[in-house]
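**Q** Sequence:
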Amino acid sequence: MMKFRFRRQGADPQREKLKQELFAFNKTVEHGFPNQPSALAFDPQLRIMAIGTRSGAVKIYGAPGVEFTGLHRDAATVTQMHFLPGQGRLLTLLDDSSLHLWEIVHHNGCAHLEEALGFQLPSRPGFDGASAPSSLTRVTVVLLVAAGDTAVLGTEGGSVFFLNVTTLTLLEGQTLSPDEVLRSVPDECRCGKALGPVESLQGHLQEPTKILVGYSRGLLVIWNQATQCVDHVFLGNQQLESLCWGRGGGTIVSSHSDGSYAIWSMDAGSSLTLQPTVATTPYGPFPCKAINKILWRNCESGGHFIIFSGGMPRASYGDRHCVSVLQAETLVTLDFTSRIIDFFTVHSTRPEDEFDNPQALAVLLEEELVVLDLQTPGWPAVPAPYLAPLHSSAITCSAHVANVPAKLWARIVSAGEQQSPQPGSSTSSWPITGGRNLAQEPSQRGLLLTGHEDGTVRFWDASGVALRPLYKLNTAGLFQTDCEHADSLAQAAEDDWPPFRKVGCFDPYSDDPRLGVQKVALCKYTAQMVVAGTAGQVLVLELSDVPEEQAVSVASVDLLQDREGFTWKGHERLSPRTGPLLWPVGFQPRVLVQCLPPAAVTAVTLHTEWSLVAFGTSHGFGLFDYQRKSPVLARCTLHPNDSLAMEGPLSRVKSLKKSLRQSFRRIRKSRVSGKKRAANANSKLQEANAQLAEQACPHDVEMTPVQRRIEPRSADDSLSGVVRCLYFADTFLRDAHHGPTMWAGTNSGSVFAYALEVPVAATGVEKRPERPVEAVLGKEVQLMHRAPVVAIAVLDGRGRPLPEPYEASRDLAQAPDMQGGHAVLIASEEQFKVFTLPKVSAKTKFKLTAHEGCRVRKVALATFASVACEDYAETCLACLTNLGDVHVFSVPGLRPQVHYSCIRKEDISGIASCVFTRHGQGFYLISPSEFERFSLSARNITEPLCSLDISWPRDDTQASYRLQESPKLSQANGTPSIILAPQSHDGSPDPAHSKGADTLEPSEAILSPTSIDSATSADTTLDTTGDVTVEDVKDFLGSSEESEKNLRNLAEDEARACTILIK
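For the sequence shown, the working numbering assigns the number 1 to the initial residue and increments by one for each residue that follows.
Keep in mind that the hints were calculated from the coordinates and are not lab data.
On a predicted model such as this, the values are computed, not experimentally measured, just so you know.
Be aware that one or more of the hints could be misleading.
[Unchecked claim] Below, in silico cross-link-like pairs of lysine-lysine (DSSO-like), each with a Cα-Cα straight-line distance of 30 Å or less:
{"#": "1", "residue 1": "Lys779", "residue 2": "Lys845"}
{"#": "2", "residue 1": "Lys767", "residue 2": "Lys847"}
{"#": "3", "residue 1": "Lys779", "residue 2": "Lys833"}
{"#": "4", "residue 1": "Lys629", "residue 2": "Lys845"}
{"#": "5", "residue 1": "Lys569", "residue 2": "Lys629"}
{"#": "6", "residue 1": "Lys845", "residue 2": "Lys17"}
{"#": "7", "residue 1": "Lys407", "residue 2": "Lys472"}
{"#": "8", "residue 1": "Lys17", "residue 2": "Lys833"}
{"#": "9", "residue 1": "Lys472", "residue 2": "Lys502"}
{"#": "10", "residue 1": "Lys843", "residue 2": "Lys833"}
{"#": "11", "residue 1": "Lys193", "residue 2": "Lys289"}
{"#": "12", "residue 1": "Lys845", "residue 2": "Lys767"}
{"#": "13", "residue 1": "Lys843", "residue 2": "Lys779"}
{"#": "14", "residue 1": "Lys293", "residue 2": "Lys629"}
{"#": "15", "residue 1": "Lys293", "residue 2": "Lys193"}
{"#": "16", "residue 1": "Lys407", "residue 2": "Lys845"}
{"#": "17", "residue 1": "Lys905", "residue 2": "Lys839"}
{"#": "18", "residue 1": "Lys210", "residue 2": "Lys293"}
{"#": "19", "residue 1": "Lys833", "residue 2": "Lys845"}
{"#": "20", "residue 1": "Lys839", "residue 2": "Lys17"}
{"#": "21", "residue 1": "Lys767", "residue 2": "Lys833"}
{"#": "22", "residue 1": "Lys629", "residue 2": "Lys472"}
{"#": "23", "residue 1": "Lys843", "residue 2": "Lys17"}
{"#": "24", "residue 1": "Lys833", "residue 2": "Lys847"}
{"#": "25", "residue 1": "Lys502", "residue 2": "Lys289"}
{"#": "26", "residue 1": "Lys629", "residue 2": "Lys767"}
{"#": "27", "residue 1": "Lys407", "residue 2": "Lys193"}
{"#": "28", "residue 1": "Lys767", "residue 2": "Lys472"}
{"#": "29", "residue 1": "Lys210", "residue 2": "Lys193"}
{"#": "30", "residue 1": "Lys843", "residue 2": "Lys767"}
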């Protein structure tokens, strides 16, 4: 007779409805700079800008908060983009020579981006009836004529085709062939060689029927489309790179591969120009690199602008990325730190205007976007309200601070403005201002803090769609490094010619890897923060509104406690500067605590009400009283076999003895598991019984899930002493009286709880007395499976997390319940467990690894508000696993609520970089320069909601050529999108892509039967190490069978239709 164990009856319909009102998963917006940009376009009428990438993404930007995103069906590089001015339409060219027409359309008052049409230039038949090589029909350049309804395509074979943009069909009988051009050249000027590929196409602003065609070998012709003949020929003999046609039509500027440019003037009495009026090599006479692009802009004030990229002396500065700006006698060589993709000027484009009068120059680089104000003397850079390079130095950690008080926000903004004062001219505003942001003003201000490899901490406004830089804190000035000497040598070696000017903020090179920031924590009520680094440095800083000159107190804490047998083989500590130092407005260091040995800090927390900071490394943890500037506690957590902990992250020393021991241990385990498998010979019978039981079980009754057997971890594993989390709480630890406590969790599953004796401040006085703080070990817990402790949080009598420091005392939050029994939630990599306090007896638990087969990477306590009832909210536990899934559990019952697939499990860096917010949102890196924002809350969603004033009439003829819209959902670089099925020119849907167009995929949410906040950091993510671990790499590798399955799934995803982003 079979026995069944039942947990509970079927799901409660009322609870399921409540879940739908509380939880919903959405990937909403991508913050930062697009990864690997490849093309740039600007619409001067709508004032919007487009950036294309190598992965086929299209991103359109306007005013802050106005963003549109799309993704081509094929992951091909976007090589060129052109706006149809004022129409909200964009023509893109991919490296496979396919053309795609995108449209910004409005639905329900909000605009979004859709791909309307696609086009591939057909191969032309040769003289023998065979098709010409595809290379000859490869599109090299695209021009949109001023009328906006015709596109001109230049090809590798030298032919020029004309395309109807509305329908993306070729205009027959208007093709310009190379032979027809050669017939216009006098016989005595022909050299017998082919013209080469079409290198450049330029339109006449006042006469749209005239097109300037430039061929690679140097020949320039003006083709009149109305008369179907060549009006003028310019006999250039230098290899052509770029062309620019002056506003009046009488001046043509050409740039060449030898670093020269030429100015041609049209002679009204002749159709042939033999020589340019001016030909110069600006950085000659020695060989120079090619001038890839050149612009000519005239000004009403006199003195035209010549702007070009490249042209640097090949031997001396051939590796520089430069854009030169020349006006009259003024020449500035803009020196960038990454490759130049493209650039444009913001100027007048109305045909009736006589002058261009450029206002700004925008330069798209591989790693950033730089805009210069051309109307202000000195041409200063304009601060960007978005598209800031998050990775100007590599991001090493991140944290989120919610509900920032208005006073602190204003002080941080003020400090940032004083760091980079803007020019006084009113013309220096951001020139890309198209569209309207329809999103409501955020109800609360959110800060995103990013720590970087060069020792800086950057503050970002994460309240809305546009991630705006606010302030940058630099900790490198406190330490002595070799960078000052290197900078002085570089400046001394710099010549006056060319007149270089460093522009941009992207600087990926760190002067000293020990400066890297590992952990940050901020108290939003006292404006104090702690920054911890790679060399064991822990800085306590305070926000100041005035510059101050003061010395920083330095203290050392020995975490080894004179333990014998350990020798640190890693990097040395950083040497702090001595004496008083001048600190600018902003966060100024007050105390420097140096951990010994100087290993990277793995955990930190701050309690400003008690003036205490706790920090941990791979050797142990310490407690420091920064009011009295004295250490309180140091505890070593090393195991005798923790040899790797003594080598440091920058050491290459390896232990042969340790490797051999681990190898033999793996062999022994494999033999034991083989014997166990042999003993289970009746596994097939057990499977049959399980299937039979499943069939006999009623469908409305949920069975207890099968649990995986988890082998205990060895106590002598390497790095078992790493401190993973630290936590302060006012709770019950030793008896029925509550008081300050400190908790620490390690990599070996150990939890240490200390009772603290903190002098109590007098009523109305924030600063406590100067008596020393005492710490006594109250409890020590060892988890059975020795899984690393990821997070710790104390829950009050109502099951809610404790408020942050000063929240309760200043009546900013509800006071915690000190009458009922408290409980402590301990989250390890394998399970969540709630213990009662002060007895520390197990109350409830959930074994995530046993049930789901995954490990915990990040956890956070978050508040989820209901969309149906404004007053109802639940506090739940959000968890990110090593498989990239997000699970939500109730608190303190630890009942599973929902789980979603969020990040690809192969994306190790994305999982390691994830940070949760207090209100059910999160961020993770999808590239070194981009954060993906997601929401788990059905109510708290931050997404683009915008509109655009478009003058393009939408008639039925144009609509018939549009792609058929499908409601199937997909992702454009991680962002939810709408997939469009391609449609043939006769209006019928393509059968290869229209399958399933009317079916809606089920939601990714799987419903089943609530970021733990540090008491001071105001960051809801419980501090877990952001480094990639060995377990992460094992998860990524997986089995060969699993890899083949992933490849099949990837192939299926790539076969789907093109995607666009809604709103």
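**Q** Starting from Lys779, check that the Cα of Lys833 is at most 30 Å away, please.
**A** Distance ~16 Å between Lys779 and Lys833 Cα, so the pair holds.
**Q** Would you mind confirming whether the straight-line C-alpha gap from Lys839 to Lys17 stays at or under 30 Å?
**A** violated, 37 Å
**Q** Measure nothing beyond the straight line between the CA atoms of Lys407 and Lys472; if it is 30 Å or shorter, mark the hint as holding.
**A** holds, 18 Å
**Q** What's the verdict on Lys767 and Lys847, does the C-alpha distance respect the 30 Å limit or exceed it?
**A** Since the Cα atoms of Lys767 and Lys847 sit roughly 43 Å apart, the hinted pair is violated (cutoff 30 Å).
**Q** Within 30 Å, alpha carbon to alpha carbon, are Lys293 and Lys629?
**A** violated, 59 Å
**Q** Do the alpha carbons of Lys472 and Lys502 lie within 30 Å of each other, as the hint requires?
**A** The given pair, whose Cα atoms are some 19 Å apart, holds under the 30 Å limit.
**Q** Take a quick look at whether Lys843 and Lys767 sit within 30 Å of each other, Cα to Cα.
**A** Since the Cα atoms of Lys843 and Lys767 sit roughly 38 Å apart, the hinted pair is violated (cutoff 30 Å).
**Q** Holds or violated: Lys293 with Lys193, Cα cutoff 30 Å?
**A** holds, 25 Å
**Q** Taking 30 Å as the top limit, are the C-alpha atoms of Lys502 and Lys289 close enough?
**A** OK: Lys502 and Lys289 at ~20 Å, within 30 Å.
**Q** Please verify whether Lys407 and Lys193 have alpha carbons no more than 30 Å apart.
**A** Answer violated: Lys407 to Lys193 is near 72 Å, above 30 Å.
**Q** Below or equal to 30 Å on CA atoms is what counts here, so check Lys779 against Lys845.
**A** holds, 20 Å
**Q** Given the hinted pair Lys193 and Lys289, is their alpha-carbon gap at most 30 Å?
**A** Holds - the C-alpha atoms of Lys289 and Lys193 are around 25 Å apart, at most 30 Å.
Checked against the numbered hints given earlier, this structure breaks hints 2, 4, 12, 14, 16, 17, 20, 21, 27 and 30; the rest are met.
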